[in-house]
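Please dock the two separately framed chains into a single complex, following the hints provided.
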Amino acid sequence: MHVDLKKEVTHSSPGRFGIAAFAVIVLLALFAPLLAGYDPIAQSVHSFLAPSWSHPLGTNHVGQDIWGQLVYGARTSLLVGISVGLLSTLLAAIVGTSAALIGGVYDSIVMRVVDALIVIPIIIVLILVAAYLRPNMWTIIVLLSLLGWQGGARIVRAQALSLKEELHVAAARSFGAGTRYLMRRHIVPDLGPILLVEFVYTMRRAVFMEAGLAFIGISDPNLMSWGVIMREAMEYSYLNVWAWWLLPAGIALSLLIVSITFIGHSMEPVMDPRLRGEASA
Amino acid sequence: MRMLSKRNALTYAIALLLILSLNFILPRLMPGDPLMTIYGREALVQMSPQLQAELVHRFSLDQTLWQQLGAYFAALFRGDLGYSYYYNAPVFQVILGRLPWTLLLVGLSLALSTVLGVVLGIESGWRRGTRTDRSMLAGLMALNGFPDFFVGIVLLLVFGVILGVLPLAGAMTPYSGLSGGALVLDVLKHLALPVTSLTLAHLASGYLLTRNTMITVLKEPYMLTARAKGLSQRLLKYRHAGRNSMLPVVTMTGIWLGRLVTGTLFVEIVFSFPGLGYLTYEALLFRDYAVIQGVLLLVAVLVLAANFLVDLSYSRLDPRVSYAR
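Those protein sequences? They're chains A and B, same order as listed. So for the first sequence, this note's numbering puts the first residue at 1; every next one is plus one. So for the second sequence, this note's numbering puts the first residue at 1001; every next one is plus one.
With the rest of the complex left out, here is chain B (with noise of 0.2 Å):
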């Protein structure tokens, strides 16, 4: 255990490392004063000259390179992400108002999914070879391969244009003055299709993975000893053979729990739905620079961490990892 933390630490920081030089370098690579490529042309028209100085000033704009790296720093610390001149308020808060959207996009899609794809995937692997895990699995397959802004697109040309049941954009009725359970009604029905779209693209994953380890399960001499001792189909499926091929799964739901918020992104631009991937988007229209890269910082860490209790859950699950390492 100590082996792998110390081996994931510098991971960490290189990835760390990594994004803090791309968003440290890349505005400072381009021609031009540093406040205007750091913060762009369009946010420069619109800021007035006080915050332009007082940013100068706070980022060390107008010093060399060094002690500029050094006020970056200071004001990471800080957690200072600089300021968005299109939502006229400090990155960090723009991006904190977003967050518990997608965390509650994210938060249910992959709950679904997950369960969703391993009860498939334990049902298809149980039955291999036969006609319905061939039709499951090309099945699953074909949904797989279609893009998740792609499948948003279709159920909301479906629900929401054709047959008009759910709302077409945004995460609640604005301006309704709703409150308790209507509230909590409306919302969950701006999240319908969102969660839908998500779920169906992310399936696929959770299931061809279960499904290949159930193969491989399902050959191992104490799934015959369990036959043997005469348990019951469900005990042999869910206890002895599904348990152990969830191993993987936690490992790529973690993956998938950073890469989730960026995976969220298309289908938020699709739904208008106010979370972190549709304020990359407005911030890439807009050209607000420094919310983009307030993103990027934010969400890596929100990986790392995901990364990280991914670590803690596998020793959990499998007591065999921490005694290995």
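If we strip away everything but chain A, and leave its shape as in the complex, we get (with noise of 0.2 Å):
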């Protein structure tokens, strides 16, 4: 795998949109206190106000700043999405190479329980998870990463397995380096980019379930987040708020969802070499 990744995503032109589109997200996340100018949980006796200079796009039903809900739920979308993006690379990273190097009667079992978790409908065990636990920020992070590795742990198995045969691992096994050694010096390094696609793959999914889960009201109360503005917005469509209300939420999270599928699919001639020069647009 010597692969130079920065090259392949700086080098495509949707690679370096998808780059500068996320870079202004996180800008947003980043300086939200210094950008909202209030607080976006407080509530006023001025509601559905059209956006003027003191509130950008306006307010909502309950008189909160729209604005200021907008650049907060971005550090909720971000916090999540790159959250779960590491727990579950990290997992699927264990789970898969063990799987590769240890193998026999460990490998076939791990693997038919990653088939298990592949075919279960994810989102509605969600569903019923939240609807008992009624969940706050972190459990529906931990909640989406136990969910969200196994596709990625059977990628990093077969990446691994062919990896193991190469023939400077082969050295060093027959150096007498054992199971934890080679998986740290060898197979881990080499499955880097692999790792890094995983993530970015994971973080986008993560993305779009917080926002879903968000949207139909499965979230954490005490934080904004765009799935809850969509949610309350949706319920006066028939009003002519949406067009400062509902669209602006709806057109961030679909921008960071697809400056993240840009930066991966930049990516993707790590996956598979075959497809380098004419994929990269």
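Please note that a few of the clues may not be correct.
[To be verified] Covered stretches of chain A (in silico footprint by chain B; criterion: 3 or more residues with CB under 8 Å from a CB of chain B, positions within the stretch not fixed):
#1 71-77
#2 113-124
[What the hints assert, rightly or not] Simulated restraints, written as ranges between beta carbons of each label pair:
#3 B:R1028 - A:H168: 26 to 34 Å
#4 B:L1309 - A:L27: 44 to 52 Å
#5 B:V1119 - A:Q43: 38 to 46 Å
#6 B:A1226 - A:I94: 45 to 53 Å
#7 B:R1007 - A:L90: 26 to 34 Å
#8 B:R1243 - A:L27: 44 to 52 Å
#9 B:A1192 - A:E165: 48 to 56 Å
#10 B:R1131 - A:F31: 48 to 56 Å
#11 A:I94 - B:L1188: 48 to 56 Å
#12 A:T139 - B:G1129: 42 to 50 Å
[Said to hold, decoys possible] Result set (DMTMM-like, lysine to aspartate or glutamate): computed pairs, CA atoms no more than 25 Å apart in a straight line:
#13 A:K164 - A:D107
#14 B:K1189 - B:E1282
#15 A:K7 - B:E1054
#16 A:K6 - B:D1133
#17 B:K1229 - B:E1123
#18 B:K1237 - B:E1123
#19 B:K1219 - A:E268
#20 B:K1237 - B:D1133
#21 B:K1219 - A:E8
#22 A:K7 - A:E268
#23 B:K1237 - B:E1220
#24 A:K7 - A:D190
#25 B:K1219 - B:E1123
#26 A:K164 - A:E235
#27 B:K1189 - A:E235
I should point out that these hints are in silico values taken from the structure, not numbers from a laboratory. All C-beta atoms in this analysis are idealised placements derived from N, C-alpha and C, irrespective of residue type, glycine included.
Right under this line is the structure:
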């Protein structure tokens, strides 16, 4: 796996677009308190205000500043996306490499569980668990991670299996290297690019799921989320307020997911070098 | 083929076991009276004492955990998924009433998005590296990024609210007394927006997969042979390259067939479309736990069935699969 990931991404125009859009959203999230101007939770008597200088996107049904909600929503999306991406990728790496290196009964049991998790309808499981637990942000992150590593584990295992047969690994093994040493020194570092692609795609799914769950009412009541904004705005779709209430949150969410998709796709030649040259437009 | 089915049987068994234990254990882990944790406080208020007593008896809720487990499986074998307090009917019956709507929605959008995705993928892969290919790729990937419920919301705003040409919610006009052709037209009108949202949202995955395979297939020696034989563009593109690019799409369609039942969830909620997804949403709102558990189990069984069918069709499409295993 000797691929320059940075070059793959920056040499494709969707890749560059993805990085730029993602950076803008990260900046919004980082400087949310400076940009918002108002406390996004604070209610006021000025409900349904149209956009103005003091409220760039107007106010909602309980007089909250919509622009403030939007920039704080970026924090939630990114925090959930990045945390779930890291946790799931870590799980996928541990399960995938250990299955490949240990093999035997362990491998077949673990992979059957992975297959089973792949066919289970994740979102209904989440709804069922959420209905019982009434979760906060951390439980949502943990749940999404526990239910989001299985696809990655399969990819990692396949890659680790082929790495295992490489000459330098075989050489290390013949010098008496143990499984743990092999994992740490040879397999995991060489898996780097694949893990990064896996991280990007898990993050994308987590951002979508967080917003979707919030949209149907499963969210941390103390946090702003783009899904919550869209849910609240949907109830007033008959008023002419959706243009500055509903659309900005939906567009922000779509922009974030599109940017992550573009970054991920421009990395794909790493996974399948046959696509290089032709796929990276 | 025998190897394959044995392996899959194990996978299916593990998946079912996971879901059954989730359904059985989760409510019983919660503190409090089992009847209350299984059905929820809201439900108990509305249930008659007779119904409560009957449920306790039917699921052995006053017995030990082992006896409860036995009663749980015995009930499952009878097709008894519990009782929905909100609809005041057995869960199984409630779900069966909603299933046809979801199947209709899933079937139509899956067929449309697969056919469109494959055709676009073949055309785009054929022209790989050209301007057309690049703009199609960027455009469809961008489309892929739009969450299905936001696509639905935008369509709803444009066609339902601003233009007012299509209905905002439901699957048919209530109490209209329509029949025959008028009824079919009414249902199709209600289906138009949800089907379009789902098709747009899932178009890209079929397209990307076909395009990728197409690019690899075009380099195969048999393509050169076919070209040398002087076959027409259309034959080359669809009969030779296209057909061979379809295999992964079939796998994916099977996976989606299962996943679309959950994929329709958000779109059904946006359009208040009375399928399984909207049912799950209502159950979440009213804390009708038994219904969520029933949907989870039933959808899982459907997904497993879909996977099984894909395995079967896979060996039909590619004879090598059945020889090799």
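Hints, verified against the model:
no., hint, result
1, 71-77, "violated (count 0)"
2, 113-124, "holds (count 10)"
3, B:R1028 - A:H168: 26 to 34 Å, "violated, 52 Å"
4, B:L1309 - A:L27: 44 to 52 Å, "holds, 48 Å"
5, B:V1119 - A:Q43: 38 to 46 Å, "violated, 51 Å"
6, B:A1226 - A:I94: 45 to 53 Å, "holds, 47 Å"
7, B:R1007 - A:L90: 26 to 34 Å, "holds, 27 Å"
8, B:R1243 - A:L27: 44 to 52 Å, "holds, 48 Å"
9, B:A1192 - A:E165: 48 to 56 Å, "holds, 53 Å"
10, B:R1131 - A:F31: 48 to 56 Å, "violated, 38 Å"
11, A:I94 - B:L1188: 48 to 56 Å, "holds, 50 Å"
12, A:T139 - B:G1129: 42 to 50 Å, "holds, 47 Å"
13, A:K164 - A:D107, "holds, 14 Å"
14, B:K1189 - B:E1282, "holds, 24 Å"
15, A:K7 - B:E1054, "violated, 67 Å"
16, A:K6 - B:D1133, "holds, 24 Å"
17, B:K1229 - B:E1123, "holds, 21 Å"
18, B:K1237 - B:E1123, "holds, 8 Å"
19, B:K1219 - A:E268, "holds, 19 Å"
20, B:K1237 - B:D1133, "holds, 15 Å"
21, B:K1219 - A:E8, "holds, 23 Å"
22, A:K7 - A:E268, "holds, 12 Å"
23, B:K1237 - B:E1220, "holds, 13 Å"
24, A:K7 - A:D190, "holds, 17 Å"
25, B:K1219 - B:E1123, "holds, 16 Å"
26, A:K164 - A:E235, "violated, 56 Å"
27, B:K1189 - A:E235, "holds, 22 Å"
Taken one by one, the earlier hints fail for this structure at numbers 1, 3, 5, 10, 15, 26, listed in ascending order.
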